[in-house]
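Peer 1: Dock chain to chain to rebuild the complex, using the hints, since each chain is given by itself in its own frame.
Residues per chain are reported as follows:
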Amino acid sequence: MTLPPILAALKKHKAGVMLITLQIALTLAIVCNAVFIIGQRIDRIERPSGINENNLFLITQSWVGAPTGDDAGSVDKLDAMQQEDVATLRNLPDVESAISINTLPLLNSTWSGGIGLKPDQQSSTAQAAFYFGTDEMIPALGLKLVAGRNFTRSDVNHMGFRGHNRPPIVIVTKALADKLFPKGDALGKTIYVDRDTPSTIVGIVERMQVPSPDSWANDWFWNSVLIPTRLDAGFARYAVRSKPGRLDAAMREAPKALFASNPMRVIETGDNFEDTSVHSFADIRTHAYRADRGMAILMGVICLILLCVTAAGIVGLTSFWVGQRRKQIGIRRALGATRNDILRYFQTENLMIAGVGVVLGAILAVGLNLWMMKQFAMDRMSLLYVLVGVIALLVLGQGAVFAPARRASRVSPVEATRSV
Amino acid sequence: MFAYYLDLALRSLKRHKALTGLMIITIGFGVAASMTTWSVFRAVSGDPIPWKSSKLYVPQIDAWGPAVQKNNPDPEKGPPDALSYGDAVALMRDHRGKLQSAMYMISPSIVPAVAGQHPLNTLGHAVFSEFFPMVDVPFKYGSGWSAADDEHRAQVAVISSKINRKVFGGGDSVGKTINIDGHDYRVVGVMDEWNPQPRFYDVVNTGGFLQQDEGVLLPFNTAIAASMSNDGNTNCYESPKETGFVGLQHSSCIWNEYMVELDSASAAQEYKAYLEGFARERHPGWAPNVRLRGLMAWLDHAHVVPPDTRISLYVALGLLLVCLVNTAGLLLAKFLRRSSEIGVRRALGASRREIYTQFLVEAGMVGLAGGALGLVLTGLGIAGVGWVLPRDIAALARLDVTLFLTTLAVAIIATMLAGLYPTMRAAAVQPAWQLKSN
Chain A
282 MTLPPILAAL KKHKAGVMLI TLQIALTLAI VCNAVFIIGQ RIDRIERPSG INENNLFLIT
342 QSWVGAPTGD DAGSVDKLDA MQQEDVATLR NLPDVESAIS INTLPLLNST WSGGIGLKPD
402 QQSSTAQAAF YFGTDEMIPA LGLKLVAGRN FTRSDVNHMG FRGHNRPPIV IVTKALADKL
462 FPKGDALGKT IYVDRDTPST IVGIVERMQV PSPDSWANDW FWNSVLIPTR LDAGFARYAV
522 RSKPGRLDAA MREAPKALFA SNPMRVIETG DNFEDTSVHS FADIRTHAYR ADRGMAILMG
582 VICLILLCVT AAGIVGLTSF WVGQRRKQIG IRRALGATRN DILRYFQTEN LMIAGVGVVL
642 GAILAVGLNL WMMKQFAMDR MSLLYVLVGV IALLVLGQGA VFAPARRASR VSPVEATRSV
Chain B
22 MFAYYLDLAL RSLKRHKALT GLMIITIGFG VAASMTTWSV FRAVSGDPIP WKSSKLYVPQ
82 IDAWGPAVQK NNPDPEKGPP DALSYGDAVA LMRDHRGKLQ SAMYMISPSI VPAVAGQHPL
142 NTLGHAVFSE FFPMVDVPFK YGSGWSAADD EHRAQVAVIS SKINRKVFGG GDSVGKTINI
202 DGHDYRVVGV MDEWNPQPRF YDVVNTGGFL QQDEGVLLPF NTAIAASMSN DGNTNCYESP
262 KETGFVGLQH SSCIWNEYMV ELDSASAAQE YKAYLEGFAR ERHPGWAPNV RLRGLMAWLD
322 HAHVVPPDTR ISLYVALGLL LVCLVNTAGL LLAKFLRRSS EIGVRRALGA SRREIYTQFL
382 VEAGMVGLAG GALGLVLTGL GIAGVGWVLP RDIAALARLD VTLFLTTLAV AIIATMLAGL
442 YPTMRAAAVQ PAWQLKSN
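Residue numbers (the working numbering), protein chains in the order written: chain A, 282 to 701; chain B, 22 to 459.
Do not rely on the hints blindly, as some may be mistaken.
In silico DSS-like pairs for lysine-lysine, Cα to Cα no more than 30 angstroms straight-line [to be verified]:
id: 1; chain 1: B; residue 1: 73; chain 2: B; residue 2: 119
id: 2; chain 1: B; residue 1: 183; chain 2: B; residue 2: 197
id: 3; chain 1: A; residue 1: 295; chain 2: B; residue 2: 35
id: 4; chain 1: A; residue 1: 537; chain 2: B; residue 2: 187
id: 5; chain 1: A; residue 1: 399; chain 2: A; residue 2: 464
id: 6; chain 1: A; residue 1: 358; chain 2: A; residue 2: 537
id: 7; chain 1: B; residue 1: 76; chain 2: B; residue 2: 38
id: 8; chain 1: A; residue 1: 655; chain 2: A; residue 2: 460
id: 9; chain 1: A; residue 1: 293; chain 2: B; residue 2: 38
id: 10; chain 1: B; residue 1: 35; chain 2: A; residue 2: 608
id: 11; chain 1: B; residue 1: 161; chain 2: B; residue 2: 35
id: 12; chain 1: A; residue 1: 399; chain 2: B; residue 2: 262
id: 13; chain 1: B; residue 1: 262; chain 2: A; residue 2: 470
id: 14; chain 1: A; residue 1: 295; chain 2: B; residue 2: 187
id: 15; chain 1: A; residue 1: 292; chain 2: B; residue 2: 38
id: 16; chain 1: A; residue 1: 358; chain 2: A; residue 2: 399
id: 17; chain 1: A; residue 1: 470; chain 2: A; residue 2: 455
id: 18; chain 1: B; residue 1: 161; chain 2: B; residue 2: 119
id: 19; chain 1: B; residue 1: 76; chain 2: B; residue 2: 293
id: 20; chain 1: B; residue 1: 73; chain 2: B; residue 2: 183
id: 21; chain 1: A; residue 1: 537; chain 2: B; residue 2: 183
id: 22; chain 1: B; residue 1: 293; chain 2: B; residue 2: 73
id: 23; chain 1: A; residue 1: 608; chain 2: B; residue 2: 38
id: 24; chain 1: A; residue 1: 537; chain 2: A; residue 2: 524
id: 25; chain 1: A; residue 1: 358; chain 2: A; residue 2: 295
id: 26; chain 1: B; residue 1: 293; chain 2: B; residue 2: 119
id: 27; chain 1: A; residue 1: 399; chain 2: A; residue 2: 470
id: 28; chain 1: B; residue 1: 262; chain 2: A; residue 2: 358
id: 29; chain 1: A; residue 1: 292; chain 2: A; residue 2: 655
id: 30; chain 1: A; residue 1: 293; chain 2: B; residue 2: 35
Calculated Cβ distances over 10 angstroms to all of chain A for the following chain B residues [unchecked claim]:
id: 31; residue: 135
id: 32; residue: 160
id: 33; residue: 168
id: 34; residue: 299
id: 35; residue: 311
id: 36; residue: 389
id: 37; residue: 453
To be clear, the hints were calculated from the coordinates, so they are not data collected in a lab. In this text, all values refer to a predicted model and were calculated from it rather than measured experimentally. Don't be surprised by glycine CBs; every beta carbon is placed ideally from N, CA and C.
Next comes chain B alone, as it looks inside the complex (with noise of 0.2 angstroms):
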């Protein structure tokens, strides 16, 4: 039977090319809209690491006071989104977390230890130890460096692999030295690809987004030995006393992010109870304003889905639905118009039920077509995205299995919907009145 309804379906749509025509295109086009611009909106809202992002936290001091708080343009006016350095120290110092990290972004120099080749700039960052373990930095060879490293601020780097091809021209490169910013560093581990998206452990410093990968992390103890300065923001509430990097690691700047992994949320709660104590302690002028938020919550404070992507989400699937919404109008038309056909077939005993399949099978036949050059056009959709988007974003959208189904699926269930009640009309023909009218 199923058989009888695709081929009735088929002659249906072929009696009326041009419409059908018309509804497949508008299908086609209001379903590739919205996939385009959901495949971007699923890149940049997506879990960077979703096998343990509910245990990591990001906790929050307010370092300033409320005498600066007052003239926050926020109106949830919670405390600044990166710590003091005397904070990130202390923090650090007390060690509450499993795990933990003080870090700041760096900016440094690797010169090649071929001749004659111009040095190259790197991003990095300054971290812990626990750094790798938390965030679960995959290596290729090696390993992070330990606990006793950042206590001795031991000379130690771990690189990325693309670093490593370039300095050493690939291969194991652990125990080789390298020369960053006219230091050595001993290579303890080298990094396998590794570029999360979004940058969940310092969204304050990237934005979320970055396309340059982490080219090198070192010691957070020995980067401020060696002076390393600051290349994120650094955000004053008054200027430091001091001058040069010494006075700004006495100040009340803030440049230091700073990630803790709790293993469940009565750790957290704890974790929580000890900030405000801290806060207490370390700045007696004012009550306690901390905050612990989880990494998801935390993504979501920093705004690192761009507003850009999501209003066009929203304008996207408004076009989805005004498509929708003519499909529906052009649908309605088309089965009326069979009404005397229904009558027939009514008469002739089908039930409604049967009338119901049979049109439902063509509505979902315009899906499906509607689909297909969805598809199509979703390829070309997402191949253009780098023409209109940042580069960072574009770069993470992809046509992949998954983005493949939903598309089809979107495209046939909107349409079976949209000939929802254009179908419900059709049944609810009377047999007797359109026999009798002709």
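So that you can see chain A by itself, here it is in the shape it has in the complex (with noise of 0.2 angstroms):
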């Protein structure tokens, strides 16, 4: 098989040619890119957030009428109701554990700050979000201490919602420790949280999302801080685990416990996130990357479509093309050329289009990646996507053509002899 023939055939579908290249480009490119967002989706989706979320809810609820806790007196009464709820919901039946925290991985609500090694210092070291709880967050979420020790009952106190956030000691998540002290050596080091205040890091844990799983805090993902303060505002979140195949009992159980010790509050069921409400952690992580897994659906459905309407032109284009040519296919078949001969013809003629069609695509595929990088602040895309992608067009190409290129092979050579 030589190749000019096919050129000179190619030569007379001009502007056939061109349209099946520019498409062939076109879904590479498009094709390339939407595959590396769903990737880049399914990685964010993918991210442990270092708590144990079995059989975990959480409640978010507010009380009507309380306390300002502007003054010491209103917040000490904030901080004894917001305990006889924690202990309310120990006393369930189908409650494992149940702890009094600000907020939880994958929530959004964040209180975040910047993190020095040294006091007063102009431009912080590494953004971090802050957890405050007791020392039973550690074993209540599961987390995993990798170095030093948790928080004693001794650690613990207590301060107004607005108070000043000034913790004697923190326990990091690894990768804040390691951002602060790349040695490793960050156990018993000192922080400042608070600017001019030190903290000493006395413990490590392995891994701890921060609330917001939003790209703003995509740089510090990872940084997270915990603080043995109890914050006592008019609202209150308690993250409960339930007994093992007892979640919705718990959850059914919890709102009317705490209804029934105190009736003036707000919970709230409902889908609502932000508000004051009862949800499982299942639902919460749902919501929470509702929009990634929509993102990645939707690129799905749009690739699938782009591969079927080129595979169907590929189809289509070269069916015209047999029907074009049958005279000529059956002369050459009665000069002696086999079937197998005639097939290889219109596979070869697809892989140079397609060929053509790909390179062109590949440098698209890389300019509209650099393009959205700069629209969208978008990653650059690792060009694995690219040559994945021109390997599975080639592919498809092949298998599109295989049909009518069967159908061209078995033109009988009598064709030769007929007239249009």
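Peer 2: Dropping the structure here:
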């Protein structure tokens, strides 16, 4: 098989060849970028939160007419109300553990700040999110302590919601410890979470996501600080773990028990995640990544349609060419070309068209990615995506051309003798 | 003659059923993907208050100074998106706009008058009296409160129709008493259904889109006096010196939104000049760094349109482009295969123009059929966006007359564009050459 006859034939359909080449190029460029987006979203969704999510649920509630929390007396009152609620929840038969905590991973509600290594540092060394709770945070959330110690009961104090965040001791995630102290000697070191008050790192946990799953926290996603302080406000959050298999029952019973102990409070049922409500952690996770999952599905659907359209286009166009060239095929067959020769002719033709298409497409794909990086602050696409896309489209082309090419190979040599 | 072309087109399309079907499906999917993503984009990028968006402005003042700006990752390094309490209140006191209001987000509990019902949570804003005429809040009963109420910290409230139904069972509740966070307020107004998208007066805290509507509006000074704390974002460069809500009010933390109505561009220029003087006076430590953005520019600056929505639209338009290239290729092959037919028609006296009409009619018919399929698929797509997009955004996408007509028009025009080159080639066929070769 030599190429010149194929090239000569292609020259006869310049416009058609150019259109199909362009189509393959555009398809490759779009599919590569769409698959890249899908890959990124899946990576995001699959990030582990660092906590044990099984049988976990969250109650967000607020008290009606609660003390303001602006003076020491009312802060103490709020603290007592909070501890009473935790005790109520712990006494439920289906509940394994219950703690009060200001927020949870994936919940979005965030208290974050800059961490410094020196007092009054002008620009902070790392950004981090704060989790306020007690010595029970680590066991109740299933966090893994990899160095140092947990807080003890006597480390824990409490303060108003708008109090000063000046903890004498903290526990940090490994990611934050490594960022602050790259030599790996963070344990026992002093950091500044409130500009001028030193805090000693007494423990390091393996992993805990910050509360926001959104892109603004991407750069400091694993930087969390645990602070042994109960936050007292007109609202409170309780992370409750039910006994295995009793999640639904515990989620039903918990609000009832809280209302029974004090009816002047708001706990709503509903979809609103910003609000006072009861949600399983599984629901919180679904809600947090809903947009990412949706984007991945949308890109997947568009890729599928694109590939189908392009495959169908190749089938359609090749079929036409086969129909047009029946006489020529007949002549070639009559002159001794085998069926395989004819089959290979169309396959080679397609490979050439697709070959040019994928080269153009690869350049377009990279260009499109660069443009999206500029427009949407997207990451650089690995060339692996382009490579896989190139192979996939070449295979797609060969697959699509097979049926019409086989039909061509079955053209009988007698066709040569017939006029059109 | 047109009827004859329709007939010819139908016959030709019927002759190659598979190919015709392929073109129709291609156009249908391409159009449906674009229209579905466009319907979402249209919904989130729209003007929430078209009759006066050109008169509404959002001022920004740098309350933190260049030392903090140095660490600002934003290359534009504009001032923060919200104001400190001190700046917001001082702007209100100066009262230089036609209408203006400082505001902050609140989330108070409402205790129903009916015994035995659990208290309910609501979302709202603490605002000044001029908020109501400025953003054209629609009222079912009553109205907003007066400037004197602002001044005297009156215990008054404007509530939504929904809250009115839940608490009072509906009806004209003006003058009734409502218990908000344990305090009694007199209802002065009940809003009509009002849920502007995006929530233009406070995109900082809502991110633009909220399903939950504005439940209650209270006078700013009254809410401050009641220590009703801010439920929106609080951004601090340094911790407040004092604790509690009062400490927050005395701090440089930013948590107040602000909107001002100005009648003309020259009024806006004057206001901008005033802002600079204001910043110089309030923050003498650094050169004034202020912005005054019109509402639409402000929404753009706040990235109210989610990047995902834009990316989806672009990718779907890319899909449509591929579909059109595909259709152009197929039409080309189809038309050129009929060269002999064209030759005969030309030899029998048909002009080039008539050939053009004939083939464009054929392309248009493919477009029409593709558009019809596209409409069905767009309907399915819009029904399905709730499944893939965040609910607050998905709820905004609808199939209306505009979308209906746009879908059909896009399908027909796009297919005819795709058919233009193939038609040109068809019309260029030389009759003599075709007749000879047969």
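Peer 1: If a hint holds in the structure, say so; if it does not, say that too.
Peer 2: Results for each hint:
1. 73(B) / 119(B): 13 angstroms, holds
2. 183(B) / 197(B): Status holds; Cα separation ~16 angstroms.
3. 295(A) / 35(B): 27 angstroms, holds
4. 537(A) / 187(B): OK: residue 537(A) and residue 187(B) at ~21 angstroms, within 30 angstroms.
5. 399(A) / 464(A): Distance ~17 angstroms between residue 399(A) and residue 464(A) Cα, so the pair holds.
6. 358(A) / 537(A): Holds. Residue 358(A) to residue 537(A) sits at ~22 angstroms (cutoff 30 angstroms).
7. 76(B) / 38(B): 57 angstroms, violated
8. 655(A) / 460(A): Roughly 28 angstroms separates the two Cα atoms, so the pair holds.
9. 293(A) / 38(B): 26 angstroms, holds
10. 35(B) / 608(A): 25 angstroms, holds
11. 161(B) / 35(B): 59 angstroms, violated
12. 399(A) / 262(B): This hinted pair holds, its Cα atoms lying about 20 angstroms apart.
13. 262(B) / 470(A): 26 angstroms, holds
14. 295(A) / 187(B): Distance of about 71 angstroms is beyond 30 angstroms: violated.
15. 292(A) / 38(B): 28 angstroms, holds
16. 358(A) / 399(A): 36 angstroms, violated
17. 470(A) / 455(A): 14 angstroms, holds
18. 161(B) / 119(B): 25 angstroms, holds
19. 76(B) / 293(B): Holds - the C-alpha atoms of residue 293(B) and residue 76(B) are around 14 angstroms apart, at most 30 angstroms.
20. 73(B) / 183(B): With a Cα-Cα distance of about 26 angstroms, the restraint between residue 73(B) and residue 183(B) holds, given a limit of 30 angstroms.
21. 537(A) / 183(B): 25 angstroms, holds
22. 293(B) / 73(B): 19 angstroms, holds
23. 608(A) / 38(B): Between residue 608(A) and residue 38(B) the Cα gap is close to 24 angstroms, so the pair holds against 30 angstroms.
24. 537(A) / 524(A): Given pair residue 537(A), residue 524(A) holds - Cα atoms ~18 angstroms apart, limit 30 angstroms.
25. 358(A) / 295(A): This hinted pair is violated, its Cα atoms lying about 84 angstroms apart.
26. 293(B) / 119(B): 14 angstroms, holds
27. 399(A) / 470(A): 11 angstroms, holds
28. 262(B) / 358(A): Between residue 262(B) and residue 358(A) the Cα gap is close to 23 angstroms, so the pair holds against 30 angstroms.
29. 292(A) / 655(A): 39 angstroms, violated
30. 293(A) / 35(B): 27 angstroms, holds
31. 135: 13 angstroms, holds
32. 160: Per Cβ check, residue 160(B) is outside 10 angstroms of chain A; nearest 26 angstroms; holds.
33. 168: 28 angstroms, holds
34. 299: Holds, because the least Cβ-Cβ distance between residue 299(B) and chain A comes to about 27 angstroms, which exceeds 10 angstroms.
35. 311: 24 angstroms, holds
36. 389: 19 angstroms, holds
37. 453: Holds, because the least Cβ-Cβ distance between residue 453(B) and chain A comes to about 18 angstroms, which exceeds 10 angstroms.
In this structure, the earlier hints numbered 7, 11, 14, 16, 25 and 29 are contradicted, and the remaining ones agree with it.
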